[in-house]
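> Single-letter residue listing:
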Amino acid sequence: MSKKHNYDAIVVGGGHNGLVNGAYLAKAGLKTLILERRHLVGGAAITEELLPGFHFTTFSYALSLLRPEVIHELELTKHGFMPLLMPTSFAPGWDGEYLVLGKDHNENLREIARLSPRDADAYEQYDHDMARVCQAIKPLLDTIPPNLQSKDPEELARLAALGAYLRDLEPRVLHNAVRLLTGSAADFLDDYFESPLLKGFLASSAIIGSKLGPMSQGSGLVLLYHNIGEHDGAFGTWAFHKGGNGGFTQVLARAAEAFGAEIRLEAPVVAVTTKNGKATGVTLEDGTEFDAKVVVSALDPRRTFLELVDPRELPTDLVEDIDRFRFQGTSAKVNFALDGIPRFPALGDRWDMFRGFTNIGPSMEYLERAYDDAKYGWYSARPYIDGAVQSTIDPDMAPPGKHVMSCFIQYAPYHLRESDWDTERDRFGDTVQATLESFFPGFGDLVIHREVVTPLDIERVVGLSEGNIFAGEFLAPQMFFFRPAPGWNQYRTPIKGYYQCGSGTHPGGCVMGAPGRLASQQILGDLKK
Amino acid sequence: MIRTTPFHERVSAANETGLWSHWAGYLVAEKYQVAEKFEYFAIRNSAGVFDTSPLYKYRIHGRDAESFLAGVLARDIRTCRPGRAQYTIWCDDRGFVLEDGVIFRHSTDEFHLTAARPNLAYLGDLVGRRQVIIEDVSDHYAALAVQGPKSREILAALAPEVADLPYFRLVTSKVWDVPVTISRTGYTGDLGYEIWTPADDAVRVWDAVMDAGAGRGIIPFGQIALLMARIEAGLLLIDVDFESSRFAWNDHHRSTPIELGLGWMFRTIDGDDRAFIGKEAIRRELAGGTSRWSTVGLVVDWEEHDRRYRDAGLIAPKDHVPVPYEMMLYDHKHRRVGYATSFMYSPVLQRHVGIARVRPKLARPGTRVNLEVTIDHRYEMVGAEVARLPLYNPARKTA
Ligand SMILES: Cc1cc2nc3c(=O)[nH]c(=O)nc-3n(C[C@H](O)[C@H](O)[C@H](O)COP(=O)(O)OP(=O)(O)OC[C@H]3O[C@@H](n4cnc5c(N)ncnc54)[C@H](O)[C@@H]3O)c2cc1C
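Going line by line, the protein sequences match chains A and B.
Note that my numbering has the first sequence beginning at 10, numbered continuously upward.
Note that my numbering has the second sequence beginning at 1497, numbered continuously upward.
One chain only, chain B, in its complex shape:
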């Protein structure tokens, strides 16, 4: 039997569509209302809540927790002081990405790590003689993402600490009488927070948030709206934009952090005295410029796109639901130069956009490529431009 999340009582009552999907073994709403685009606009214009409980959550603590994580995570955890969070990845020794997640530092020696996949054995095997305890606390906590321009005023009404909580910081607080941790994090690229609450109190937290958001346009949003927002935000998704090196069958399915556009994590790698897994390979890749790919944003030439369809007597499709397949990219000589891993029509950008891999020499914003689409059951090329990620990046996200 598929499991339900601690918010299920509320989530199931709110889902008017009967459309569910399975995420990490949990039942989650595809969308709550017929118009998932309306849910998306809650993220971009008012506020939305998203049940993100199915994430794997690990509590990592003990005297050596920091030094342990410094050797496992690619990003230097020592720069993450208590009360802060970091988006990070972990790699294998060949410098290929295993997974990504967010690490929350509660104190000098107490961390929480979220992940899309189970990692207990993997992390446990790396502990060695260090004094570190890793616990799977996935079921202990429920997580509610509250995202959108009005998320701050809504949450501040419940937990005043939120009012001046900076980007990627966390704070312990109370929502009604429930002890929670609130972090200024999320997967939408907008102003937003995540509330980490004991599973047993989840429903109370949901009610408190919905109550505080009443009249401010708050609604729950499902997977589709989340995926729309994250593409605009240029946030990668495992098994869509990349695969874990652990489970990839060959190197075509593996990516390095630099190939994924995460090179910014290694700006100080030369002065970095850590020995973290994959470091040497990453350093070699940086020094040798051997990356096979660059991860970039893609923005379709609207004029050409619309004309192509019009000339065929069709209405140009502008579907905001992300497509579930890869789309090929070519250069002007019809050589294959990459592929889009995520693709959709963006309502706020009013363009077809995507996240794509291209050969590094084509990664400069503005570079022209051709995207393969099908029109009248034939492959056709439509021009597109390489663009910087994130594609949508409102100032309020970090302000």
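Extracted from the complex, chain A is given alone in its bound form:
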């Protein structure tokens, strides 16, 4: 028998949620071990130097939803937390049309008025209405949702408190929230705006990570989710962390270690060991065993329930619910090392608009047509692209004068109808590059290196099933009370001592830290009982 090691808690998976969870458990005094399969922590939030001097955010690339509580409670600023402001957002359109939004509200209104004078004040109203909904919904992200299935008086009281909270919201705010949570982004945006470019720009947030078009019902929820993040108190604002999102997870790892957590790399867990319905520890691929009364899976629900433990030990309903839990990843990345900054002819030699997101989604129709391809099992002929030339903000990302450009792409459905991703990789990369070329003539000449990250790569490398970037789609039946399954939305599992804390739990994906944090509260609460 291999040697045993004892811990109070073991976290399986060193993605950002595993690190957050482990840090909180260690902070509370538990002897905590975080086990990561790969040679580096971070999961979907890593930065890699693929070419000397060029740092790629292989997957995740920007920060907004990270909970301020996590920053403060884990003392991240002591360990180098540094979210760098993006001063601009850029939406190139067709025929030299464009929109550049910056940090001066009134200047933005002028910019929008250039496209449509009517949309300028509509934008103020939209911004305000959206902020009010965000402010109303935000507390729900930072609390463990009630368990609808439970008859425990405490749970009933929490349900009642939730009802009272919703009752006390201004009716208009609640109604807007419901319109967003259930409706389509297109309908919501059409209520305010007429400019196709502006609507395309705003609607882009409604499709990220989801097998939805902006006209699909349910895209409103994704729109809301991507606006509810905050950066220094401003809703819907994004930042690039110093050193990319991998720089951020390195900060988290340092914080976790400072609180006493131990992190082991290249330590793939094959099974959570159980005895009489209780978790007892984990076994690594090489047979090493670790003992702990608390085991937390930071992996997605499929792996948490169907791979790390024997599904036969679980209630059949739960197993079926997890089988039905929808992943269907539709996102990919194409990351570039560039010899210079791209050029948008209508703006001449200006490049300041590249200091933030560059949003290739010039109308809602463009996005919807991109989605049409995915519906029928193929990648978009003209994909949606969220580009980010991070080196304009953080010069350490590329050698002087050179740049890295992270491009998030949709749609790239995990299941291709007539081929497979390893076959399509280069053609897909070419499609993306051709799209960029159509907006930025000469783009191809700048490319020094290109990295294509397919949904299959996301699954293989990070472990996110079907490459779903959020560890499970953002669909109403998969959120809040139901994430990842009815009755199991409070980070527990039917196996005593076995918990879940990945993005497949409430509130969901994004570099957010909320699942890891809330799960730690549940675990620590249970330990006190």
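Source of the hints: derived by calculation from the structure; they are not laboratory data.
Since this is a predicted model, take the numbers as computed values, not measurements.
Computed cross-link-like contacts, DMTMM-like style, restricted to lysine to aspartate or glutamate with a CA-CA straight-line distance of at most 20 Å:
| # | chain 1 | residue 1 | chain 2 | residue 2 |
| --- | --- | --- | --- | --- |
| 1 | A | Lys411 | B | Glu1649 |
| 2 | A | Lys147 | B | Asp1802 |
| 3 | A | Lys147 | B | Glu1800 |
| 4 | A | Lys112 | B | Asp1815 |
| 5 | A | Lys40 | A | Glu271 |
| 6 | B | Lys1857 | B | Asp1827 |
| 7 | B | Lys1670 | B | Glu1657 |
| 8 | A | Lys112 | B | Glu1526 |
| 9 | A | Lys112 | B | Glu1512 |
| 10 | A | Lys302 | A | Asp319 |
| 11 | A | Lys87 | B | Glu1799 |
| 12 | A | Lys36 | B | Glu1799 |
| 13 | A | Lys537 | A | Glu164 |
| 14 | A | Lys411 | B | Asp1707 |
| 15 | A | Lys538 | A | Glu163 |
| 16 | A | Lys147 | A | Asp136 |
| 17 | A | Lys284 | A | Asp535 |
| 18 | A | Lys87 | B | Glu1881 |
| 19 | A | Lys147 | B | Glu1799 |
| 20 | A | Lys147 | A | Asp241 |
| 21 | A | Lys287 | A | Glu322 |
| 22 | B | Lys1893 | B | Glu1657 |
| 23 | A | Lys505 | A | Asp161 |
| 24 | A | Lys147 | B | Asp1807 |
| 25 | B | Lys1893 | A | Asp405 |
| 26 | B | Lys1829 | B | Glu1800 |
| 27 | A | Lys87 | B | Asp1797 |
From the derived model, a few chain B residues whose C-beta atoms are all more than 10 Å from chain A:
| # | residue |
| --- | --- |
| 28 | Arg1555 |
| 29 | Leu1616 |
| 30 | Gly1620 |
| 31 | Pro1662 |
| 32 | Phe1664 |
Heads up, the beta-carbon is just placed ideally off N, CA and C, and yes, glycines get one too.
Assemble chain B with the ligand onto chain A, guided by the hints.
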């Protein structure tokens, strides 16, 4: 007509905002870009340049220059060897601070002193029979601060001497063909340098620095970004954190060095054989523990702050632009115990922070006080903790 600095040609071309302010009689950029926070991040993450030319600059030289300065400046200039610089203050005979500045020692008997205000008459009157010449050379030199983690590699490409220049040292060098003095000083609390250049060559120096910094994220930064950085760095600002005793109307507006947190300058006062202005008063204050105030850092309780606003149905403001007014501090019995003289939301610390005066018994880091804010047009209290200055102090600053 307001004057412009020797860098104006470049500064005016770079200022996209049209926002200017007046500093010491010169036109200076409030900010160059709409997002002053972006300029701030240049200081903290890459490199920024700041036109600091409006400072008053005095050349003090002659056989007795050292002994003269030893009697005027509170910090012992004799410990500052040639090639070094010192942050210092000068006081009146009651031990109240007049001003602060940086003194640069070029040789045994040649010094440069910077100041925020005119001091020629004041210093001149104190010369007496000593062989000292004090000249106002403010217009002869332009000064460009190059601050931020990448400042060293950028400047070293122009002047290799910079590569191993220690904190608060200076070196004469050339930038392109322009003779300059480069000092490892600044007002940001980060790794940084100041380049002192003949005014006529200022633009060439600007161009050289911007050229060397290309691709390394160098940008000019304005007053707002500077003030943000200096609050985090715990660096005091005259007329904001203290007033000159010369122009104060009463003692409430005066401060002693110890009250300003500069007591460290007098660690050896007992063995100090100098007779410098204010020495006796300062010694009495130290011995008697009669200081009225302590200057401390302030860090707001984020949880309470955010909750207060949320409960009022508001989004908690996190404005990084320093506020232009004082904010009152109270203890738990609602007695007024001090006031914040500078206050802002710090992006690197992710907290509302400030520089404050508190009663000395409350000066210990971690002490809880209440900060008065207005929410819904009413005064409300938000908890805050006393903290050590500097609030942000990266190792690279002195490394
Ligand atoms: C391409 C892409 C782009 C994205 N862009 C953004 C963005 O810009 N901003 C944003 O906020 N969000 C973005 N997201 C979403 C966000 O990155 C994820 O939701 C989040 O990082 C998931 O974190 P996690 O800790 O829950 O899981 P993961 O990051 O998936 O972490 C799981 C970890 O577990 C490890 N692991 C797996 N199996 C085992 C095992 N058996 N034993 C031990 N360890 C194991 C994995 O290696 C991994 O490190 C993006 C995601 C992707 C994929």
